[in-house]
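Asks: This is what each chain is made of:
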Amino acid sequence: MKLRVLVLGLALSALAVPVFAHHSWTAEYDAKKPIKISGVVSKVEWTNPHTHFYIDVTDASGKVTTWNFEMASTPALERGGWSRKTLPVGTQVTVEGFAGRSVAERAIVTAFRGPDGKEFFVPKLGN
Amino acid sequence: MRRIVVAAIAVLGLVASLPVGARAQELPRRLGGENGPKKATDAKRPAPVLADGTVDLSGVWTGGGDAPIPRLLGKDKLEALMMPWAKQKMASVKEADDPYFYCMPGGPLRITGGFAWRLVQPAGERSKYIFMLQEGNAHSFRQIFMDGRKHPDDPNPTWYGHSVGHWEGKTLVVDTVGLNDKFWLDSAGTPHTEKLHLIERYTRTDYNTLQRVVTIDDPGTFTKPFDVTYTAKLGEPDSEIIEYFCIENNQWGERSNPNATAAAIPVAK
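Line by line, the protein sequences give chains A and B. Taking our numbering, the leading residue of the first sequence gets 1, the next gets one more, and so forth. Taking our numbering, the leading residue of the second sequence gets 1, the next gets one more, and so forth.
The hints are simulated quantities; they were obtained by calculation from the structure and are not laboratory data. For glycine and all other residues, C-beta sits at the position ideal for the given N, C-alpha and C.
Capping the alpha-carbon separation at 27 Å, the derived lysine-lysine pairs in BS3-like fashion look like this:
1. Lys124/A with Lys233/B
2. Lys124/A with Lys94/B
3. Lys118/A with Lys33/A
4. Lys33/A with Lys94/B
5. Lys118/A with Lys85/A
6. Lys94/B with Lys32/A
7. Lys43/A with Lys63/A
Stretch-level coverage of chain B by chain A, calculated; a stretch enters the list once three of its residues show a Cβ under 8 Å from a Cβ in chain A:
8. 93-104
9. 242-252
Between beta-carbon pairs, the in silico distance windows are:
10. Asp52/B with Ala111/A: 47 to 53 Å
11. Gly114/A with Pro157/B: 49 to 55 Å
12. Ala60/A with Tyr207/B: 56 to 62 Å
13. Ile247/B with Glu96/A: 27 to 33 Å
14. Glu96/A with Val173/B: 48 to 54 Å
15. Trp85/B with Val57/A: 48 to 54 Å
16. Ser83/A with Trp85/B: 46 to 52 Å
17. Arg201/B with Ser83/A: 38 to 44 Å
18. Lys89/B with Pro34/A: 35 to 41 Å
19. Lys36/A with Ala96/B: 24 to 30 Å
20. Ala27/A with Lys89/B: 16 to 22 Å
21. Pro219/B with Ala31/A: 39 to 45 Å
22. Asp181/B with Asp56/A: 43 to 49 Å
So here's chain B without its partners, still in its complex pose (with noise of 0.2 Å):
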């Protein structure tokens, strides 16, 4: 989050900073070009609600699950509800090791982390499904079963596992097993296994922003169930998710590779 941040007045800092005459034919087309932005959102204005009556976490948001655990509890704290395999593999893990640079999705923490992302929430009798569709990385989607099924009995682990939703008033609870162990839960490399089961709170805070509280719970890696909070902010209400296959060109290691010859660097056509 504090990466969003620091980026975000970075971005407005620059921006703020060039001519308005150098500047007019580059601005981003979603902001209405001649006409001038949208107005911005409001932030005192409560969380919109469906005709259904549930509240409506549909949008184009950013953040909301990319910090690392470390720093949301704390290092010792975590480290202190870690088995000893964990801490010792936490440990020994390299930045430059995450499956996420190499393309791979991120599991169902980071999805909403660092791109921005769009929640689909269909309406009435289409309300048999969430969707959160991810701009980065692997461009790819949960899929949350909200028709009260229940998770299948021995669900092959898969990158984002079987996720099932309901509402407990205007927050919307998440339930995911059925995960495997070949993502890092963040960028920090804490580690999980195949137990992991994943509770997600999300409630609408107001407006703008979406707070997600999930309790992570696996019993292969931690002593016991912990919850961490992230949060969510909205994007503009013109805001779109655009295209990105982190696949395409990824060029990742070349650089840090001293063996690496300029030849060997893979390139699109």
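Extracted from the complex, chain A is given alone in its bound form (with noise of 0.2 Å):
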């Protein structure tokens, strides 16, 4: 079975190009500004050049900020195994990944849990 998982691997990354084929990640993020919230999904952006996931944040005053999270490409994603149905609008999730420049909220993912913990494929990024 491991090396099942293996030869999978291999072939996907046959066709792995830099998740941020597009640009690179550090003109637009804070590397040394890593974060990691929970929330609700509110809204998915299933477009490129990047993919979108729009997270509704409660803080214990009851107020809600949504964070505006970038993630890879449609086409790296469905290689990933991903549709736009992955993580749906209302599905409880733990994001981790880097704060914007300019604005925290407009971040970059690294990593999805799911409610149940389950870890969502999310392809590394570049330089």
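Mind docking these for me? Both chains are given alone in their own frames, and the hints should help you get the complex.
Replies: Structural data, given as structure tokens:
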């Protein structure tokens, strides 16, 4: 079984390109500001050059902040097994990533976990 | 190329590290689902040959045009070839100004870099054209005339120019003129003028590898022609290019602009 996973990994890597083939992610996101938030998916933009997942985060006082998370292109995600329905609106998620340089809540994803802690494939960031 | 290799290793590592059960339903359809992946191509196999005797370069490839020229050639060597205006211009470019990030076509070198691309090479009677179809960015294509025609005398400059090709043994030679100066040759911002003339030599050195040697001849920018060499790798046999239009929801610049407000970000409806 382990061998099968390795073979699948090799096959997938044959078409692997940087997640941000379109541009360098560090121009817009701060590698020194890692973030981790939990919230509810409020909108999915299954678009290019990159997908965007909007996550509503409610603080202790009940105030809701919408985060705009940028992720890989649709081809990169499709090759990783995603569809636009993988994390639908209303899903409770935990997201890790890096804050935006100008507005922290415009952030980038490095890890996605569903309500049961299940991890979803997120392509690695390039350089 | 280095970025692709790094990403490939990273993806491999990530995929291999996930538990099998958690990933089962997330596997890409193209890998064959429960039937498992198609057999990997064998690099030791020679390049395939078409019925008319020409080498078959068709397939889905990655890479082959995205490496910055200063890295390929050496920064000092490139600068020594550049005219003063070009040196000055290159020293002042900012990554954020790359037309490619605003979804403009990447020009004939970058169309084969970064994203998957397909080479279409009809055989026999239809071998009047070869096409290069780019998955990413402007989702555009190059058209190479294989019917022996010449370049027009004074073509109107375009993003991909006017390309004519012929075979020299197992090597496809593509000659391109009529290029505009609106794109960057590479991500480093290597400049060029409308005098740019490219001679590309494509050789499928083994089943999985396409070597591309490009002679860059631009008497408006460089003191003499020089060569750069790129390498493209073949995707799995059932690989396909996937639709991707950069212009759809490009938020580039909004995050690095301190004056941008959330309301100003253009979003797809």
